[in-house]
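Taken in order, these protein sequences are the chains called A and B.
Going by numbering that gives the first Met the number 0, the first residue of the first sequence is number 0, and it counts up by one from there.
Going by numbering that gives the first Met the number 0, the first residue of the second sequence is number 0, and it counts up by one from there.
Honestly, the hints are just simulated from the structure, not real lab data.
Warning: the hint list may mix true and false statements.
Covered by chain A, according to a simulated footprint, are these stretches of chain B (three or more residues, beta-carbon under 8 Å) [stated by the list, open to error]: (1) 43-54; (2) 248-256.
Distance windows between CB atoms, simulated [claimed, not checked]: (3) Glu59/A with Glu178/B: 53 to 59 Å; (4) Glu107/A with Arg17/B: 21 to 27 Å; (5) Tyr28/B with Gln62/A: 36 to 42 Å; (6) Val256/B with Arg67/A: 20 to 26 Å; (7) Glu59/A with Glu160/B: 36 to 42 Å; (8) Asp89/A with Gln136/B: 43 to 49 Å.
Chain B stretches covered by chain A per the calculated footprint, using a threshold of three residues with CB under 8 Å from any CB of chain A [unchecked claim]: (9) 122-135; (10) 170-176; (11) 261-268.
C-beta: ideal position from N, C-alpha, C; glycine also.
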Amino acid sequence: MTKPADAFEDIPGTVHFNGERLRQGYQLNKFLSSLLEPDNRKAFKADQAAYLTSFKMTDEQRQAVLDRNWVRMLDLGGNIFCMTKLALVDGTPFQQVNAIMSGMTMKEYEEMMNAGGRPMEGIRSKKEQNIG
Amino acid sequence: MAEIVAGFCTSHVPLLGRVIDGGRTQEPYWKPIFQGYEPTKKWLADLKPDVVIVIYNDHANGFSFKYTPTFAIGCADEFNPADEGHGPRHVPVVHGHSRLAWHMTESLVADQFDMTIMNEMDVDHGLTVPLSLACGQPEAWPFKVIPICVNVIQYPQPTAERCYLLGKAIRRAVESYDEDLKVVIAGTGGMSHQIHGARSGLINQKFDNWFIDKLTTSPAELTKISHAEYVREVGAEGMEIIMWLTMRGALDDNVDVLHRFYHVPAMNTAVGNVIMQNSRASA
């Protein structure tokens, strides 16, 4: 049976945040969302590794957080809206995260956005893909 | 009888809130965007609605992934701005209209829309940025707000058609309310943007403008587009424009466009703002 979700598989450079992703990244996202509480932000900043042990994340997920490996976090089920919390705690401009995820320098990314954004040509379908 | 007299749609880019809060709206990068909202600010100030129903989505701020309501309605008397990671925005508390919200809930559920009832809820930039864009920086918001939160961030989202039909059901709910109230409905989010992965930064001006055209003249066509096609054309995060269809569903088939504004970019996002009202209202 072709499921409606299969159509998403053809879209390049995009995570389809479905139930499988939710299950994979649940604890990672729970950690990221915990940073919405001021006391938790303080505790995380004081000892990041210790704070991370209070969530039932995988070691890979913990390491991706400590390394601020945004691409890896996304691969391991991180939700982008949860990841913004960590960037805010660090004071990292989110465009920098976007630049990293798309393999560009911050300057290249900014210039692309100011010129009207990433053009649609070649990024609609994996069949015509020119990214990643 | 309460009546939905008009609707507007707007992006809810979080950074626009920070720019307003920081008093930076006249900086060269931002000025054209805020100029584009001046007609909306004037229109809303002149119209003086009693209630604005805001269709928005939460971005893992007021809700966590612990539970994900598909459609939630704020039934409380007030809603605080959410802390999104660096303290809540310094904007007024959002005052609800509890009696109307409960009436709407009863009507919507009887109409087959099984709403999640929210008696305590913090509202994030998805709701507060549209208020700031449409009202500026008042001491208090000049109307009551009924927040309707739609899950557009976790698959499976409601279909575009379902969002459109919700708008029709909201209209029936409002029009069956016993008190005379002037109500405006706002659809928020969009326009094209993607903020994750290798497609980060996509902007699709052609689709965005086509979407606004169709939203005006033949919105039912937009309800036939699948989630995957929305994601393909306007980005995984941009697909939230399906919430504009809820606003549109609450209006007549024939509408007049009072204002239409489109700007690229606000950092990662295409910004759109449209005001519509039923054609008979302007006759």
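Exercise for the section: Please flag the earlier hints that this structure goes against, numbers listed from lowest up. Expected result: 1, 2, 6, 8, 9, 10
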